[in-house]
Structures are given as C-alpha cells and as structure tokens.
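*Asks:* Chains as they are written, first to last, in our numbering: chain X, 1 to 222; chain P, 223 to 625.
No lab work stands behind these hints: they were computed from the structure.
No experiment lies behind these values; they were computed from the predicted model shown.
Take these hints with a grain of salt, some might be off.
Here are the simulated DSBU-like cross-link-like pairs (lysine-lysine), alpha carbons at most 30 Å apart as the crow flies [stated by the list, open to error]:
#1 P:Lys-557 with P:Lys-527
#2 P:Lys-315 with P:Lys-289
#3 P:Lys-225 with P:Lys-421
#4 P:Lys-299 with P:Lys-351
#5 P:Lys-429 with P:Lys-484
#6 P:Lys-434 with P:Lys-576
#7 X:Lys-38 with P:Lys-557
#8 P:Lys-557 with X:Lys-154
#9 X:Lys-117 with P:Lys-557
#10 P:Lys-371 with P:Lys-351
#11 P:Lys-429 with P:Lys-369
#12 P:Lys-225 with X:Lys-154
#13 X:Lys-117 with P:Lys-559
#14 P:Lys-251 with P:Lys-356
#15 P:Lys-315 with P:Lys-300
Covered stretches of chain X, going by a simulated chain P footprint (3 or more residues, C-beta under 8 Å) [unchecked claim]:
#16 7–21
#17 108–119
#18 152–163
The beta carbon of each residue, even a glycine, is placed where N, CA and C say it ideally should be.
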Amino acid sequence: MAELVRAAEPFRFYSRLHLTELTGLRAAGLVQLVRLLKSVPGGSIYYHTHRFLQQHQYLSPEPPNDFAYWVREILSEEELGERLASIDIVQFSTIRSLRERIIATIEGYLVEHPGAKMRFPREGGEFHFKKAVSFILPTQHVSYDLREFVEILKRVTIGSIYFHIFEAKLRLEKGTNDFSNWIENSIGNESLAHSIARLDPYVYTLEDLRRTITDLIEREIG
Amino acid sequence: MAKIEDYIPIVGESVVEDLRLIAVHLRGKRILNVNSTAVGGGVAEILNRMVPLLRELGLDVHWDVIKGGEEFFEVTKKFHNALHGGRVDIGEKDFEIFMETSRSNLEQMEISGDIIFIHDPQPIVLVRKRTDNKWIWRCHIDLSEPKKKVWRFLKEFVVQYDAAVFSAPAFSRRLLIRQFLIAPSIDPLSDKNRELPQKVIDGILAKYGVPKDKPIITQISRFDRLKDPVGVIATYRLVKKYIDCRLLLAGGTATDDPEGQKVFEEVLEAAQGDPDIHILAIAQNDLEINALQRASTVIIQKSLKEGFGLTVSEALWKAKPVVASNVGGIPLQVKDKYSGLLCYTPEGAAFAVKQLLSSPDYARQIGENGREHIRNNFLITRHLREYMLLFLSLYHRENIVHL
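Okay, chain P solo, but in the shape it has when bound (with noise of 0.2 Å):
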C-alpha cells in the first residue's frame, strides 16, 4: 500500500505539505464512512486507498458496511437506474423492501464519530440515528435527471444531513442543505494507473492475441448499451476506410448481468468475425487493463451516459489522446482540443480519431495536456485535500476561513 511520501515525486513536496497542514485542524475528529460494499465498485475502490492515506495523515478514519439481502440490492440497483433517468418500475413494494433493511442497519449498527460520511443512497436511512454531530452524503450517481418518485424519496433523508456532495455541477438540485462539487479521482500508484515495464505491456498483448502491426484504438468499459460499444465499432469502420488499424474493447465479463451478456453478444454480432476488431472480456484485473490502455494509440470513451467516466483520466494520466463524448463529467477531465477531442457521434469520433493517427505530434501534444490536467485536478491528492476541507467547512459556514 501507498505511502503518502511516494506521491512526492508525482505532485511535488508543497502539495503534500498542504496535507499535512490541513490534517492537523482535523485531529481528534473521529470520521465514519458508511457504503454498501468493501469490494468491487469505484467507492470500495477509493475508500481503499483513501482511508490508509487518512490516517497516516493522522485522521481517525473509520470504514463500516451495511449489510443488505440480495432483495435489498434488487431494489438499489432499481433505484441506481431510476436516478439515472432511465425508466425502472418501482412500486410500493419496493421502498417497504428498502426501509425494512435500512430499519434492521439502523438497529445493528453502532454509528458514533464527530462525522459520518455516507456514500450513495443504499445507506442514506442512517441519518435517522443523527444526534449533534455532522453527516455528509456523498451521491456518486449522475442526478440530472433522475425520475422523480425515487428523488423525491430520498431527499426526504438528504435533507437531513448537513451537506450533500457530487462529482459534477449538474448533478446539484435545488436542495436547502450546503452542496459541494467534488470530483472523484484516480491513484496514480495503483495497479490500475502504475508505470509499468514495455515487456509486461508486450506480455499482455500476447496473451490476448493483439499484434503491434497496427495503430491500436481502444475502449475501456464494461458490455453496457450506456458505453455504445456498437457506436466504437462504427467509428473504427469510419476510420478503417482510410487508416488501418486495430480496435479493442475490453471490459467486464458481467456473467451476472444478463443484459451485460446480451450487449456483449450484440458486439461480437456488429463486429462480423473483423480480424482486426478484438473483444475481450476481462475479469476485474486491473493490471492488465492498464497494459492495454498504455499499448494504445488512441483511447475512445464514446458513452451515451457517464456518472463521472474515470476511464478517460486513466487513459489521459497516461498520456494517451483521447477522443470521448461530452457527457456527464466527461468534459471536465476533457477540454475540446486542449486535453483530448470531444464528440457526440460515431462520425465525429472517427473524424477526431483520424486527425489523431494522421497528427502525431498533435496527438502527443493534447496526451501531455491531458497528463498534466490529471495530475493537476484529479489524482487522489486533490481528492484527500478536498475530502478534509469538506470535513473542515461543517465547522465553519463563512466563505474565507482562517485557519
């Protein structure tokens, strides 16, 4: 595991010192985070890593899960959808299914600290047990325009906390409680985002059957309509016309998501025995998904929908251009031209491919602006400062604080 001082070399000695200063104004807090899984999934993946970087911080940082039939998460994975604004059906049946486990959590669970932390809405019934501390939730989802009977449900609870936290501007609703925008982050030492050695990188490729002939485009996404993975397949036929080129699409294998196997099946049909088209369903290997992100040419995220879509900073940490849609919190991490080439359609995104393969030195340029973007707003050192400043703002309601 990561130490704080190894992120010196990667953001510099006076970021870390920031740190330092803030965690110092934190001491004797103790801070509780609630979520609904310790694996799998990008909260477990960035508590991880944040709560040991916390508390060797100095923090006294705490981590608990709530427990939850497979029922229960029937109905949050409904609820998930529905705050997406896709269209669910969720009837009464299903809130009593939700409240009698959060009723059961609210029982079992000891929640004491100075902060709660809650992540999403699968815990966020705990705030009934909120005495005179303070409690954050922490929405990952893309609410812009989630469908109304779920919302309204839930922001009976989130008004009962003392702020609420999303990663993107348009995610924010009118609410009466304090809204901070906090963007997650990627870790540049994990398995994930590490430098790795070429001959590991050429291992990889070997194994899953990829030769270096040819400029090589890339999607990372799990076998979901949302991710448009026939949409890529589009693109590269627009591209191929002029440039030779390989495509990968590697994600999760989802075998337990049967809409997940159907997708994956559609893409295998759309890619018509294309030799040159690989589609690899990959295990959670985090590795592996890194060679393949460095072995790239050009990385596309062409979704139709994205909660935050960290894929495109992995690809940009490394330096990789990217072509993505502009959706979600996508143009955050995307400015058009200036860190990466932004698109709507399968044709624009072959048009900003082809510029890319036919400009090297284009594309090297906007791959070193991404890189620096990344390192300058979403690496996990930003998200450390913030998470304590948020921590630190419940205690102070003015605009400029002297601390």
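Bound conformation, chain X alone (with noise of 0.2 Å):
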C-alpha cells in the first residue's frame, strides 16, 4: 500500500442548508416564462436547476430541471421539455451563461413552433418562481489525507456533498469542485482530482455520486 500524502492544509467539510424564498411571480406560458427568465435574481435560476438533485437524491436523477418538467409535464410541450432538460448543466460555470441558454433555447423553439405561444397550463398549473437561500456552515469533520478524507466523505449529509460539488462549482463561480480542487493541489494527486473533475454530477442521485467518489479513492488508496 503506498503511503499516504499528509496535506499541510487539512481538507474542512462544510454543510449546505437551504430554505426555500418565494418571489411571488408566476408564469402562465412560455412568453411569460421568458420574460421573467431574463429578470429574475440569479438565485431563482440556480434553484430551478438544481432543486431536483437535493428533493429526490437518494432514489433517482430526476429531470434536471424545473423549467423542463414543467414544460413537458403541465404543457405538453415535450420536444422543448427534452431541449431544455438535456441542456449541459455541467459545462456551464456561471448562471448567467445558464440563465442565456435557456432563454435562447426556448425562444429558439417559439420562433420553429409559434403555436406554442398559445399553450397554457391549466388553472393552478402556473410556473412559480423561487430562489434558494443557502446557508453554509462549517462542520467539525477535518481530514489531513484521503483515507480521513474518505471515511468523512460516507458519513456527511448529502447537503455537505451538494455543496462540495455543485454550489462550489457553479454557484460560487470556482470552476472545479472543492474535493478536485484539494486532492489536487494538497494531496498532489493529479490524475484522481481529474478523474472526479470529470464525472458528470447531474446524471447521478447525491448517493450515487458519493458511491462513485468514495470508490475512486478506495480504489487509488488501497
């Protein structure tokens, strides 16, 4: 077994808690919904996008995001449903460049389709934008090498992993998770701080993801 990296700067899990603010705006059609995409606050974009993994991590990657499940399931739209959820959230590393392809994508669509602009929801079935509130705490699990790294990663709360992950990612503009970004640059292992760099997080449920986390480490530690 070869011998363990001691990082001088210890890895620090953080826990990520959210509660859920109403904007108290509401589309009734994909002509509303545009119009409100380009002026809603960034955090209502993020929310849309991301509220999915964190409401059904542990059973199934449900659609990816809200504005293709509503699309498919309350107007019937299904070809734009699929556009817009095949959309690559991963390859996106700011809101507002994701907030400008949805937009693009279903005014792409409404120019290709116009009878969509007649499609409504029925009566209840509006889209009620939200945003996130996240609030982010350190926790009191510490790791100085990966084989403390990896025994606090199977006990964290999903919450901690979705912070490590997405939030960092995307929401807090850093361009590659925290768990990359240490093993990296504290433990100096390169080719594992790649290989969880380039898994795609939004096909998997937060379990899933923390499975395939915890094996690649396993497996490079022994």
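Hints given; two lone chains; assemble the complex.
*Replies:* In structure tokens:
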C-alpha cells in the first residue's frame, strides 16, 4: 500500500442547507416564462436547475431542471422539454451563461413553433419562481489525508456533498469542485483529482455520487 | 416525548448533527410562538412536538395562546373559509368582533422576544405590538384564491411583518415582505406514525369489524364535502366491478359541526348498506388511524381542495401506494407515477386503484419511493431545520449566508 500524503492544509467539510424563498412571480405560458427568466434573480435560476437534485437525492436522477419538467408535464411541449432537460448544466461555469442558454433554447423553439405560444397551463398549474437562500456552515470534520477524507465522505450529509460538488462550482463560480481542488493542490494527486472532476454529477443521485467518489478514492489508496 | 437522538435511526446522524450546528447560531434569542389553541388542530399538534425538540436543541422557545370567545372563533372560521375561496357572508360586524377581541389580547398579553412567530390569522393583529424585534406570520391556509374582502383586511397586518411563510408556492401573494416556502411535516415517532405490531393492527380491525379477506381501499378524512367522500364511494364502485375489495372511510365525527353531520349522513346514504363499505366515525385517536392506514392495501385522498393534505404523507410514510387528487399541497408529496398516482375524477382514481391492486410489485415500488420521498422532505427534522433557518434569515438579507 502506498504511503498516504499528509496535506499541509486540511480539508474542512462544510454543510450546505437551504431555505426556499418565494418571489411571488408566476408564469402562465412560454412567453411569460421567457420574460420572467430575463429578470428573476440569479438565485432563482440556480434554484430551478438544481432543486431536483436535493429533493430526490436518494432515488433517481430526476429531470435536471424545473423548467424542463413544467414545459413537458404541464404544457405538454415534449420536444422543448427534452431540449431544456438536455442542456448540459455541467458545462456552465456561471449562472448568467446558463440563464442565457435556457432563454435562447425557449426563444429558438418559439420561432420554429409559434403555436407553442398559445399553450397555457390549467388553473393552478402556473410556473412559480422561487429562489434558494443557502446557509453554509463549517462542520467539525477535517481530513489531512485521503484515508481520513474518504471515511468522512461516507458519513457527511448529502447537503455537504452537494455544497462541495455543485454549489462550489457553479454558484460560487469556482470552476472546479472542492474535492478535486484539494486532492490536486494539497495532496498532489492530479489523476485522482481529474477523475472526480470528469464525472458529470448531474446524472447521478447524490448517494450514487457519494459511492462513486468513495470508490475512486478507495481504489487509489488500496 | 421523543428526544432528538431518537430520530437518528430514521434520518441519520448527520441530519441531526446539522440541526445542532444551526442551533448554536440561535443561542440567546428568545422565540415566542403564538396561535389560537393549545390542543386540537394541526398547528397545535405540530407545536406540541416541535417546541420541546427546539428547546432540547438549546433554543429559548416559548408558546402562548390568544384568548377569544365563541363569537370571535365563529368569525375566524368564516375568515378561514373565505381565504379558502368559499362563499361566506362577512359583514362589518364580523370585522368589529375580530378587532375587539384582538384589542383585548393586545392589552392583556405580554409579547416579548427577539422573534415573534405568529400562526394563522387569529392572532395576526398582535403585530401592532412590534418594537425593534422580528415578526413572522406563518400561514397554514390555502390562499390561492382568497375572497378579496377578507384578504384585503388581513393584508394590512401581514405587510407589517418581516416575513411570511406559506406551505405551497401557489399560496403566496404579491407582497412587499419576504415570503418563504416551508411545508408542514409529520412526526415519525408520534402515535399517528410510529411502527405498530401486527397484533395491534389486527385488534383495531377486529374492533371495527373489518375482515382482512379482501384488499382494503381507505380514505382517512373528516366528513367534509371538500374531501369528496361520496366521490370515493363512486371510485370504489368502479373498482369493485373488476376487483373484489373493501372500502374504509374513517374520520372525525365532527359532532360540533352541523355540516359535518349532514355529510356523514350523505355518505351513509351513498353507501346504500353495502357490507363491504365501512364508514367509521372515529374520535381523535391517532393510534387507531395509524393502524387503519397500515392495514390498507391502497390509500386514497380524493380531496377537491386541500391546504396541504398531510394524510398523504402519513400514508406514504407507511409505504402505502397512494392515489390522490392533484390539488393544494398534494403534488408536492406525490410525484405522479413515481411516489403515488395523481387523479382528477372518480374514474381516474378508479383506474389508478385498479392498476395498483392488479400490479402488487408496481404498488410496492411506488409505496417505497413514497416513503423515501417523505423521509427526505416531510419529516419533522426537515421542519425543525427550516424553522431555524427561517429565524436566522431574519438577520441576513443575502442569498448565501456563511455562518
């Protein structure tokens, strides 16, 4: 078994908890949806493209964003729903660029299918814009090497995994996830860091993601 | 009374650890809850469970109740119905009665605390006592289509709060204050939801004369037209054509509610003496309701209107396959074809019930998905976490709060 590298800077696990804030804004059709998409706060775009991950974390990777779900299930515009669901969120490093892509996707579809402007939800089926208020708390868990790291990773909340993988990368505009960042820069294991960074976290449940990262690290440390 | 550690086997140690981490940041804050009753009703039920747990987490939490006479509560009942969109005759006299009792509570109650947490419209006027502390209005009512007259009256008070809290997104209104979405919850360790030995369940079925010879379809609800019990009987009849089964309709007797008694009689009439329909008027008995839910093959909640519909969460927590109307807070609990089946009509409900009765593997999977969905989103531990985050949010305007 290779000797474990001890990091000078430990990895501290944080927990991320969220509260949902209601904006009072609602859309009753695609035209209104696009108009509101242009003006709602970034936290609202973030909420609607990431909420599913935490609500159904244990079971299945649900449709990756609320817009896709609403368009498909409520407005029955299946093709647009598919286009929205397949936006590769992992490729976007800012909320602004993600917002622009969602708007362009809907506007492009409306040009091709102007009839879709006349699709309206049944009463009560409007799209309600919400946003997330995130609370980030340091936990007591710190690791100095990969063995300690993986043991803690098995126990922390999925809110913690969520924070270090998703929130750090996109919302805080860090470019990579915290795990890869620490493993590369403090442990010096570039290939392991890249293996984790290469995962598309949006197609995993958070429990599967935990298992996958745990397996990668355990394979590395033997 | 359950201790916070007792929830660890259900939700995991890290979830409870998070609660303790947040609680540290609320030390020293005095929090006062005010509602209209100490017993009976969903608000009192949840406060009875939550206040001791928040105290155990180290929070200085208190709970007080306003006083009001019969006339006052008749008016607030009217308010409640009007906020639900019902046709109610409300005049100036009603508003006067409401204000008179509110003034007397303002004079008599000592409202002190860093955070004052007011539940529902009955104590809403207390906000006139605000100083430099924080005030939250928690609305448990479906406000999607309120009657304007009552909403306009209440809104004048709502806007004086720092924040309002609603149970479903459609209940929120355009307001200048912050609004949060916090769903209610069930307590997995309460008599209504805790695990029961099979012999207890069998004993309660025997007590009510319900044999276990056929699949049992159940709706647990008080006898109220908005719960559509007659529609449930229609659903049962459509199912019964193809699959032999029993129907169990169980709920509060509501002897103090003349309309409830009338609906109960309508239900009896609709049942036409069918020996496989069991109509049980059960006084507040959580353990018996728990047992009946656990004895059921499929659980229905065919409401026409619903505040939140926590009976759905109760059923899902017992891993029961659920068929429920797509109204109020129900779609938050049931994702169609994933953690239950949604319906709109007796025909749609019957089709869904037949599907579940004919495909036990599918029904089992749906039920298990439902249980996990409730574990993640609708247990009291999530509710405790969100209330504590709500208190903290009053001191932070930013979207990302580093504690």
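*Asks:* Next, verify each hint and record whether it holds.
*Replies:* Hints, verified against the model:
no. : hint                     : result
1   : P:Lys-557 with P:Lys-527 : 18 Å, holds
2   : P:Lys-315 with P:Lys-289 : 19 Å, holds
3   : P:Lys-225 with P:Lys-421 : 27 Å, holds
4   : P:Lys-299 with P:Lys-351 : 24 Å, holds
5   : P:Lys-429 with P:Lys-484 : 25 Å, holds
6   : P:Lys-434 with P:Lys-576 : 18 Å, holds
7   : X:Lys-38 with P:Lys-557  : 29 Å, holds
8   : P:Lys-557 with X:Lys-154 : 29 Å, holds
9   : X:Lys-117 with P:Lys-557 : 26 Å, holds
10  : P:Lys-371 with P:Lys-351 : 24 Å, holds
11  : P:Lys-429 with P:Lys-369 : 44 Å, violated
12  : P:Lys-225 with X:Lys-154 : 25 Å, holds
13  : X:Lys-117 with P:Lys-559 : 28 Å, holds
14  : P:Lys-251 with P:Lys-356 : 11 Å, holds
15  : P:Lys-315 with P:Lys-300 : 12 Å, holds
16  : 7–21                     : holds (count 6)
17  : 108–119                  : violated (count 0)
18  : 152–163                  : holds (count 5)
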